[in-house]
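As a plain string of letters, each chain reads:
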Amino acid sequence: KNEVEQSPQNLTAQEGEFITINCSYSVGISALHWLQQHPGGGIVSLFMLSSGKKKHGRLIATINIQEKHSSLHITASHPRDSAVYICAVSQGGSEKLVFGKGTKLTVNP
Amino acid sequence: DTAVSQTPKYLVTQMGNDKSIKCEQNLGHDTMYWYKQDSKKFLKIMFSYNNKELIINETVPNRFSPKSPDKAHLNLHINSLELGDSAVYFCASSLRRSSSYEQYFGPGTRLTVT
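Taken in order, these protein sequences are the chains called A and B. When you line the first sequence up against our numbering, it's residues 1 to 109, in that order. When you line the second sequence up against our numbering, it's residues 1001 to 1114, in that order.
Among the hints, erroneous ones may be present.
What the simulated footprint calls covered on chain B by chain A, stretch by stretch (three residues with Cβ under 8 Å from a Cβ of chain A suffice, anywhere in the stretch; the number is not a length) [stated by the list, open to error]:
| # | segment |
| --- | --- |
| 1 | 1045-1057 |
| 2 | 1081-1087 |
Here are some chain B residues the structure puts well away from chain A; computed CB gaps all over 10 Å [claimed, not checked]:
| # | residue |
| --- | --- |
| 3 | L1011 |
| 4 | N1017 |
| 5 | A1072 |
The hints are simulated quantities; they were obtained by calculation from the structure and are not laboratory data. Each residue gets a CB set at the ideal place from its N, CA and C atoms; glycine is no exception.
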């Protein structure tokens, strides 16, 4: 079993819908990262959080340390949000990232 | 003004050859990484260097040898390439003393071994 589990694996939505992607982890962490991999392959860091909630534009990331769970929300989704969203955790002050398998999001116009 | 750059972007080679992938960052970061993304798109860390010192070395065949000539560069040399080495290799960097370890990724190098 992977230390970082994401759900769903694939998600298709209509433009404008509210999107939620979930991430659960089984190890103690120092931080959780949300990454976006574009269809062209490039990877961008969206959020890094260790508690609470962060917001950037239409994206919101939350984490519950006690439940070892994080969610990534996208409000008013748009076709350009179509990408693979990857959850990763870093442990105990280490730089090492352990990745989930990613969630492929497709937003149709 | 590319932050993390990798060369080449594509690399097609035959089994048994030796090849190198280069990575450079101009962000002033002190830590650099190599990741491998397999055919199922799963990312896994291979190596990490901090100030030219190896700090993470996962279970990777010793045909893979990273080299960091300075803080801004981390190259990956692969000897005796095998079919299973075909993957996308990503370089990344972060600033350790920020204690956030937010990582910035390069565009990736798609290696195909035939």
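Checklist entry - Which of the listed hints are not met by the structure? => result Result: hint 2 breaks, nothing else.
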